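Colleague: Residue strings, one per chain:
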Amino acid sequence: MLLLQTCLSEGKGYHFPACHILCVSGFRILFDFPLDLSALTVFSPIPIEPLTKYHEEKCPESFESTQIKRRKIEKSLVADDLIHAEPYFKTIKNLQSWNISFIDIVLISSPMGMLGLPFLTRNKGFTAKIYVTDAAARLGQLMMEDLVAMHKELRLVYGPGQSGGPQWMKWNELEFLPVELKEVILGKDGTDFGGWMPLYSADDVKECLHNVRSLKYGEEVCYNGTLLIKGLSSGLEIGSCNWSITTPKGKIVYLSSSIFTSEICMNFDFLPLQGSDVFLYSDFTITNKGNIEDDIGSSSLVADDSSENDEIGVVVNSLANTAESTEETEKLSFLCSCALDSVKSGGSVLVAIGRIGIMIQLLEQIAVLLESSDLEVPIFVISSVAEELLAVSNIIPEWLSKQRQDRLYSGQPLFAHVELLKRKRVHLFPEIHSCSLLKMWQEPCVIFCPHWSLRIGPAVHFLQRWCGDPNSLLVMEEGVDPNLSLLPFNPMEMKVVQCSFLSGIASTKIKPLMKILQPTCVLFPEKMGKIIGNLNQSSSMIYYSENQTVLVPKPKSVSELNIAVELASLLQCANIGKEDLTVARLKGELSVERGQYHLLMQKEQALSSQKRPLLYFGRVDINLLEEALKKMGVIAAATPEAMDTSPRSENVHMLQVLEPVKALIEVTESETVVSTSDEFLAARISEAVRNILYVV
Amino acid sequence: MAIECLVLGAGQEVGKSCVVVTINGKRIMFDCGMHMGHLDHNRYPDFSLISKSGDFSNALSCIIITHFHLDHIGALPYFTEVCGYRGPIYMTYPTKALGPLMLEDYRKVMVDRRGEEEQFSSQHIADCMKKVTAVDLKQTIQVDKDLQIRAYYAGHVIGAAMFYAKVGDAAIVYTGDYNMTPDRHLGAAQIDRLPLDLVITESTYATTFRDSKYAKEREFLKAVHNCVAGGGKVLIPTFALGRAQELCMLLDDYWKRMNIKAPIYFSAGLTIQANMYYKMLINWTSQKVKEAYATHNAFDFKNVCNFDRSIINAPGPCVLFATPGMISGGFSLEVFKQWAPYEANLITLPGYCVAGTIGHKLMSAKTPTTIRLDEGTQVDVRCQIHQLSFSPHTDAKGIMDLIKFLSPKNVILVHGEKPKMAVLKERVQSELKIECFFPANNETVRLPSSHSIKALATDEFLKSSLNPNFKFLRPSIVENSSPGAGDMRTPPLQVFDDRIAEAVLLMQKNEYPKAVHQKELEKLLSEQSHSVTFSHCFPVVYNDSRNRTEDSASSNNTKMTSDLDERLLLHQLSALLSDKCNNLTIQACEGKVQVESFTASVCSRDNCPHRTTSTSSYETKVVYFCCNWSASDDEIAWKIILTMKDLSLCIS
Ligand SMILES: [Zn+2]
Ligand SMILES: [Zn+2]
Ligand SMILES: [Zn+2]
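Chains as they are written, first to last, in the working numbering: chain F, 165 to 860; chain H, 1421 to 2072.
Hints listed in this document are in silico derivations from the structure and should not be mistaken for laboratory results.
Since the model is a prediction, treat every value here as computed from it, not as a measurement.
Some hints here could point you the wrong way.
To be verified - Straight-line Cα separation of at most 27 Å, DSS-like style, residue types lysine-lysine; simulated pairs:
#: 1; chain 1: F; residue 1: Lys586; chain 2: H; residue 2: Lys1681
#: 2; chain 1: F; residue 1: Lys566; chain 2: H; residue 2: Lys1550
#: 3; chain 1: H; residue 1: Lys1708; chain 2: F; residue 2: Lys586
#: 4; chain 1: H; residue 1: Lys1883; chain 2: F; residue 2: Lys720
#: 5; chain 1: H; residue 1: Lys1446; chain 2: H; residue 2: Lys1565
#: 6; chain 1: F; residue 1: Lys588; chain 2: H; residue 2: Lys1710
As the list claims (entries may be wrong) - Across the chosen pairs, the derived CB separations fall in these ranges:
#: 7; chain 1: F; residue 1: Lys288; chain 2: H; residue 2: Asn1478; range: 53 to 61 Å
#: 8; chain 1: H; residue 1: Ala1842; chain 2: F; residue 2: Ser489; range: 53 to 61 Å
#: 9; chain 1: F; residue 1: Gly797; chain 2: H; residue 2: Asp2026; range: 30 to 38 Å
#: 10; chain 1: F; residue 1: Gln662; chain 2: H; residue 2: Asp1821; range: 58 to 66 Å
Said to hold, decoys possible - Just so you have them, the derived chain H footprint on chain F, three or more residues with Cβ under 8 Å:
#: 11; stretch: 564–573
#: 12; stretch: 720–727
#: 13; stretch: 754–763
#: 14; stretch: 836–849
Just so it is clear, CB atoms sit at the ideal spot from N, CA and C, and this is done for glycine as well.
Bound conformation, chain H alone (with noise of 0.2 Å):
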């Protein structure tokens, strides 16, 4: 029984994630993601590591898309469409209904703008998605009779989640990109305390520890008000959703309390549209937005004008939300080409630009600058740029809390960079000791699962392990003999709640095998039960420096010991020895000293049939002790003894 996770992408970098876990022998493909920053075939996973053949319905026991973000979701059409993938494919109903635009988007910009040749056409996107099985937060999903499923909230974008997935005793759980502290429009990432062999989380931050998110919105808002109050003109190169509906949340928030009147525009009708598609999944938003629902609907924007092409060239202040997100192309590169190279114009940039975009570029550079297009154009830079430093991603600490709440036996980083994971990867070891590993692209990390035999159980059994465990303890500190302390200490009750099950197991051809209470064994198996037992009646020296009578003493050497003279020998007795076994737990109760079965008191019987060696009489006074003991603990008895008959005991 083993786990097997083949990372096909986002493996030491940001992009095209997607991993391959088989579990027990099912094989589920986490996010089938492309990378932007790649033109050629690297922009996809290479499938070719799952099938040679090329089978992929049969490679695979389901695909699970985390969120509608292109790295995670950009070849999925290119997957199911062209290269034939068939079996179930499971993501929220927001990635099911966002999922599609992006996808659209994308192509469009690539086919339209760069005049690309298409990877998948509009009808491969639509064809794809009907494939896809929508599911809710928390919806246990049983994709066959051993995989079952699971999403939970993951904040990031809406519709994000984390998924876990089981196959019989072993379970995992892939995180996808996450956030763990809520935003103006989601809430933080959720998930339940659950056994697991393994953990692949998002890296895209290993390293940052960021403050307050307060302080950063206000920032970014500064910066946009005082270039809109200068007559100058915002660009936002955003995606159609997520980032997009965010931003336009706090604008037309703070435009309403700030009395702004400088348009909002939305460069494609795409994000008006996908506006609508958050109206009616409000219920994936943040608690605060959720319940305003019925009287405002967060996602109606008040400010918001419809675009139209003319004002980018149109004078007087404005915002304007474009697509692509990292200015890889499209609407964004044109507006920017437009828009840049005037000082009084701001350009906003998300929180992480993949490597190859202008966005990347701009990140790095200290305006005035120019930078290079492709074909020898270049462009003047003279705008602000502000950089958005708040991030739907969790940040370090984030990754750390998950991991230490999850607590999984082992932790796979992806979705980061390199340098930072292999940092990451320490701290989870050397602080959570879990075991974490950081592989790259299309290698592969093995590890044992979890894994358990089916039995049965009786009530008898069920019942004598669910009641919690009393223990008697002696106490740590054992006071050196206080031969005169009349005192016998109880030792303190402790109740212990790690519910020790002790059962018999019975196990039988073709059946399942049962676990019985001992108790029930001899009905199981007609048998009378039988017990074993040891016994050994011995004296121990002993001497009483009271000032008695001599006479007294002497009439009574058979007779020789009273109630409270017998405690006092016990007593004593249980004091030397804790001395001289200290590695035994010695227990003293109700007229004896106990060491597991082992037991020994005072014994009075002249006859006593256990005193096998022949009495002869004693220079000194003695003491008879009386022990018994079951088999299996043999030793320990023995040992007692032999240390019992060396000890000499006095009463004062």
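So that you can see chain F by itself, here it is in the shape it has in the complex (with noise of 0.2 Å):
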């Protein structure tokens, strides 16, 4: 197995997870292909001031407009600054140098890792097999649906875009921009500017999902009968998955940002993982916290010396029951407290988290603490999917974790939203302009939006609503830098909460995870090699960074082969003079079925004792053969090499036969040659000849 490994981005955690390219067994595998979102920032929301300004200042490169520009790069910057103009997507640049109709098959992730999908099926030479696990592809589909809807808004503000490229794409324009964002458009080092890309239709979408063939939890599906792949829970959201990829010369794992223990969706499934031939490790986490350093310090949880069996067992315990998942129920808590204190005091909550899982468990316990509080306060879910997103929810037990299952078994709804739209506690809307919205609008309020760039979808109206009110409350996520996301609704007078939630396995938890799992070789991100040193002895590691190819050195030169039992009972075993080593011939029907290679009976192969060309190894030795055939009562003499008419290198030997019958025997280093017109002569010059080599 030649196994080649490219990241093509390391993604910034959550929103936009890592992405990489595999070569194995020569298939080429592509591992999640995400969305940057977060880059959209750098565009104006929908302009709540009539349009002209914005195109006065777009006037033809006159001196003035340029020197308004120049002034932009000095001075600190505004919400003018942005880009007013549709809004582009940032996809995996690195892609583009690969050609992607080579691309054998794409393993996504998480509902996050396919958002950049319909980009790559649209193309007519992309034929790769896509497996997504069907939670995943569920909230995926909606995700990408939302973002089409949502952006169609958009297009009927700035109207169908231009042939060649929007005015802000050109470099003359490009140049001009605040380094801020000329920095998130081309990217740290100035590179990033060809992932740029006008948004998929609602068409590419359909198009993209037709594409996939979705997975059951724990599915095993057979790649080409050469590999067996099998997505397994990460727990990180809801159909969120590692990878487990078996080849008939072993196993490899892909692990993706994994969370151990979840509230919402099924935990992280150990057992499939361990004993892996090469681990790639792609949880970023750690390095999109920003201070490695910082992580470093925190309590050891290996338990060093006892038993392996049990070891395991406390290891994954460790694991999994720690602080982490009581950390996350506070932040959960806090929120809520925060969004009861805004709407006491008459000012209205927008939680503008894209997390689906805890978006739901926000809906959840800010309902029932709204209404153990007796507060008469509606709350809204406004999205184009926001309806199918929580019947999406509901129906999906395969993905939750144990306590949402319990809730199945007791007959209860999985989710508590069910209960609360029935009882009108909380209603959904599929946008801000719904009659029935504005018919039930009241505030304060608080409102839910799925989508959290801030930049486009109903967050966006809500925040030009509401910036000016001290006593409203923004709730948005870690992850997008504050002071960009916000400008354009300065000045702020919200309160503004940034939270942000386990999104990936803790560096203290890379070392016993490891422990568990005892990969044989493991790809782990060079810039946070130094957290974890030394895995452990029988664990090689091999470092990767972005944009750089890792060869990986074969595991293993031979595949498994199993042979069926009726084959083994025609072997005949023949001895070739070595201590303990016995060799057979060996015939059948060779089949490769779920990453497993079988040599099976062939029909009609029990019934035909065939005869197969034998093979000889070793040197005939012409004294040897003299002497053996002198006791078969065949009398042979060497002869003068003058018989030999055509020269040769070899050193040629000629027994020549003349009693019983003539004959003529020729012998070099690799050869024996018998010429005789006697058949029982010739068997008998054969017999000789096997009996001074191995015959096979």
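Taking the hints as your guide, dock the two standalone chains into a single complex.
Modeller: Put into structure tokens, the structure is as follows:
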């Protein structure tokens, strides 16, 4: 197995997972293809002011406008600096150096990991098989459809795009952009420009989903007979998973950002990840946090000396039951209490959180809190896919945590929002302009918007409405630069809570995890290398960094083969003069199935005891042969070279047989040729030669 | 290595499904059902046959339950809570969710209405279900190091699954109950084609062939409609789950279309509660139902009202779903007693009723009649009776299709009636050529199982074997030698895809055997390979009947043949040999005639070293053929040489 790995992108946490290409057994596998939605912040949200101002500024190349632009670069960033144009979306630009028609398989690890897929699937040459867990596929579909719906609103404002690309993408325009925006658009090294694309269409999304093969929980799928692929819960989000790929030459594990215990989704699945030959560690969470060093000092989990089996259990428990999940619960209750405070003081609450699991929990908890506080404050979930999103969450018990599954068994809906909707405590609206929303509108209220970029979608409207109200509250996720993302809403009077949620494996847990999983070779992010140092004696480490191809030495040079027992019984063993080693010829029908080779009995093979050309090894000593022949009553004598007509470089020996019949034996290093007209003599010579050589 | 199949229930009968299969030492119990037709100890499988000491936890590797029907799950709480089995139990999510409802309903019927001593309590059911591991369809579960199981969609009822189990190289499928055609709320059974030693299949309708489901549904709707239109009451005895939801979807939809106002009731809160589960489990229903989940969940019934006891005798038409299904007691029996005596009413019966139930008696009855209940009570039956002729079970064609698709080495039939099973067995054996059994309860069937030897294979070997094989084949009909024909027909090239793999197996102590390509042997054995070949150069008589001048012919006695002649001679030789040795594949190409490793070509060397016999002058013209072969084709070679020496070739 020749294994090549290239990390196309390290990503930026939960919303923008890492992206890799792996070449395994001649197949190219792409892991995830997300969109960097945080890059949307360079665009201005739907303009509040009349468009005229914006158009004036766009007057062609007057000296004055250049002056204005120059000023922009110098002073600190203001809302007007943002790009006033239909937003483009930032994809993985490093994939552009690959020929996408050579990709064989795409494995998607989370709903977020598939947001860029329509950009691939709409290419004619793209024929890869795409595997996504069924839950992730559904959530991903809704997120994509929501993007398209939200984007439509902006298209209405900006009109159809000009041919030849938008104005802002022209180099002379980019040049004058404030450095903060330039960094987002071009990347730190100025090379990201190629990744920007106008959003795909609803048809592209449909086409994309048509090409997706969705997998059940823990379903094994076989690619080309050779690769056995299985997605296993990673605990990060509903439907998100790690991958195990079994090949005839060993097992590969792809570890995406994972959470060991989750309130909402199925826990991290340890067992099937154990004992891999190659382990691709792709959880960059700790680098996304920024300060790696801080993380190192904290407490160690490893219980070093205890018996192997017990230890695994202990470590699994210690990985699962830690302060982490209580911390998460505390964060949520803190957010709830903030929301309650705002509402009590007459302000409204905008929850712009895109993490589905977190959003659903907050929705439940805020509703319960408001109810128990006797506050008649309506809760609205506003999104083009709100209804479906909540409906889906209630029909995928297979991907939910044990606590949620227990609700199924006791006949309760999986999430409280089902009841909340029925009791009209929570209302769903596809868009802010819905008549029924206007009829029901009441402030203060609590609004959930599952899109978080603060540039597109309903959240923008509410921010514009409430940004001047010091009693209102915005709940947003960490990971975006608040200065940049709140820029269009300045001066911002609203309270803002930015909350970071657990989105991967803590540095202290990496070593204990590896101890349980026991991989032979680990591919590990270079920049995280110093955190964990040497893993353990049994694993070798290879460090990788972004956009660099790493060659992994073959884990095994041989494949496993299952030989049908019927075939084995036909084996005729031969000794070749080596101790303990026997050799036999083997013939059958080779098939590869579910990542394993099988050699089966052919039909009718049992009946025919076919003769195969024998294989001889060793050298024929001319004297020995003469001797052996003599014992059989065959008199042979060496003839001088003269007999040879064609000169050869090799040492040629000739034996001439005169009795009982004439024959000629020509012996070289690698060949014996017997010329005779007599069948019986031929047989005898043959036997003599066989006795001198090893025959298989 | 063997498979042993002990049938504890549903052997030559329907009821208390329970089959214990031992595969290479691993023991799996498939289903743990109860028999609705028995009230004594016969209602449960005879578990003592599994373990005399009663240590079931060690005797079994796991229990697998296929679906929530009582004849498949009914004995589970008894087995875990009373008999003490503590090992793993697997079933699908819907079965784990709905199973307890079925069990609880049954327990109530038994205890509350029949006043029987309870076999297991509500607590038992709850405790039992806690031990269950729920599985998703197609999820591959490693029960232990050697045993792997997987569920496949079976249709039948929500959550019903066929189970695949594999230990080492031996694998089986146990179907449970299944349906090969989709119905209103469920899809058809679906399974992968897998190498299998055994398929254990239900055979409820072993000899029945059903036609369109649609027509049968219409019959049912018409009967119900007629009854309601005439002011009658319709009693639909069903189990709380499965059929109830299917029929209700049917009626709900029909009511809407026909604008019927008569109320539809569910007798127990149970069924209404069950709808709640169905809503969450909608992924397990048919594609059509699934797709509409967001806007309209098909299990939100619009025309279903809450039931009140007073409606039993209230005037006016209505439809009532009541449990249990075969009128074996409980509420359906109570309502049956009240409604049966009136001609305007209608009672529908499920397609299958277990012997001993009232449903079973009604099936064969002609109204009006009297039905005897226990303890001397009897009921006048004057109402109409409609038997549902659509069923959630596959028909005989479906069973045959499934077996054919899976092509296992053996088939065992369970869950059917003995005479029908015998008919099906014959069909499986004669039409599909697959060994088939239908053991009675407590009988064991022993079968050999697939087994393979673990080895390693080198890339060189695998690469050589995975390329398609090219073979030259002579045309199947050999034209008789047509000496004049100057064209040498090249044999057609045929590509075979049977991937014949030839390897050399190296076996060393304490190591896996290793399959290598023979090219690799030299290096691996550090021995030089040596070829041993045989040669013989001899004359064959031929005459040239062309109009050539004698002079040129005789003067050219030694340098006798031109290229053209050579080709003609070879062609003729190949044709004659084909004729004389018709069991051999003779090829002629590139200046030689070839059979396996044996080749013959025209030899023009005067002092050919392979010509060991002294050259005497011949009266007629001769042509020398130089022949080569390797030792393995000894026999063929001498046979051909002998034939050749007798030939006389001719160029005309
Ligand atoms: Zn059933
Ligand atoms: Zn059954
Ligand atoms: Zn010769």
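Colleague: Do the Cβ positions of Gln662 (chain F) and Asp1821 (chain H) conform to the proposed distance bound of 58 to 66 Å?
Modeller: Holds, since Gln662 (chain F) and Asp1821 (chain H) (Cβ atoms, about 60 Å apart) stay within the stated range.
Colleague: A range of 30 to 38 Å was offered for this pair. Does it hold for the Cβ distance of Gly797 (chain F) and Asp2026 (chain H)?
Modeller: Holds, at about 32 Å.
Colleague: Quick check: do three or more residues in the stretch 836–849 of chain F have a beta carbon closer than 8 Å to a beta carbon of chain H?
Modeller: It holds, with 9 qualifying residues against the three required.
Colleague: Is the distance from the Cβ of Ala1842 (chain H) to the Cβ of Ser489 (chain F) consistent with 53 to 61 Å?
Modeller: holds, 60 Å
Colleague: CA of Lys588 (chain F) to CA of Lys1710 (chain H), is that 27 Å or under?
Modeller: holds, 25 Å
Colleague: Given that the stretch 564–573 of chain F was listed as covered by chain H, double-check it with a C-beta distance under 8 Å for 3 or more residues.
Modeller: holds (count 3)
Colleague: Does the structure keep Lys566 (chain F) and Lys1550 (chain H) at a Cα separation of 27 Å or less?
Modeller: holds, 12 Å
Colleague: Measuring from beta carbon to beta carbon, are Lys288 (chain F) and Asn1478 (chain H) in 53 to 61 Å?
Modeller: Distance hint for Lys288 (chain F), Asn1478 (chain H) holds at roughly 60 Å.
Colleague: Are at least 3 residues of the stretch 720–727 of chain F within less than 8 Å of chain H when you compare beta carbons?
Modeller: Coverage by chain H holds for the stretch 720–727 of chain F (7 residues, Cβ < 8 Å).
Colleague: Closer than 8 Å, Cβ to Cβ, for at least three residues: run that test on the stretch 754–763 of chain F against chain H and report holds or violated.
Modeller: holds (count 7)
Colleague: So if I understand the rule, the pair passes when the alpha-carbon distance is 27 Å or less; does Lys586 (chain F) with Lys1681 (chain H) pass?
Modeller: holds, 26 Å
Colleague: Given the hinted pair Lys1883 (chain H) and Lys720 (chain F), is their alpha-carbon gap at most 27 Å?
Modeller: holds, 16 Å
Violated hints for the displayed structure: none, as all numbered hints are satisfied.
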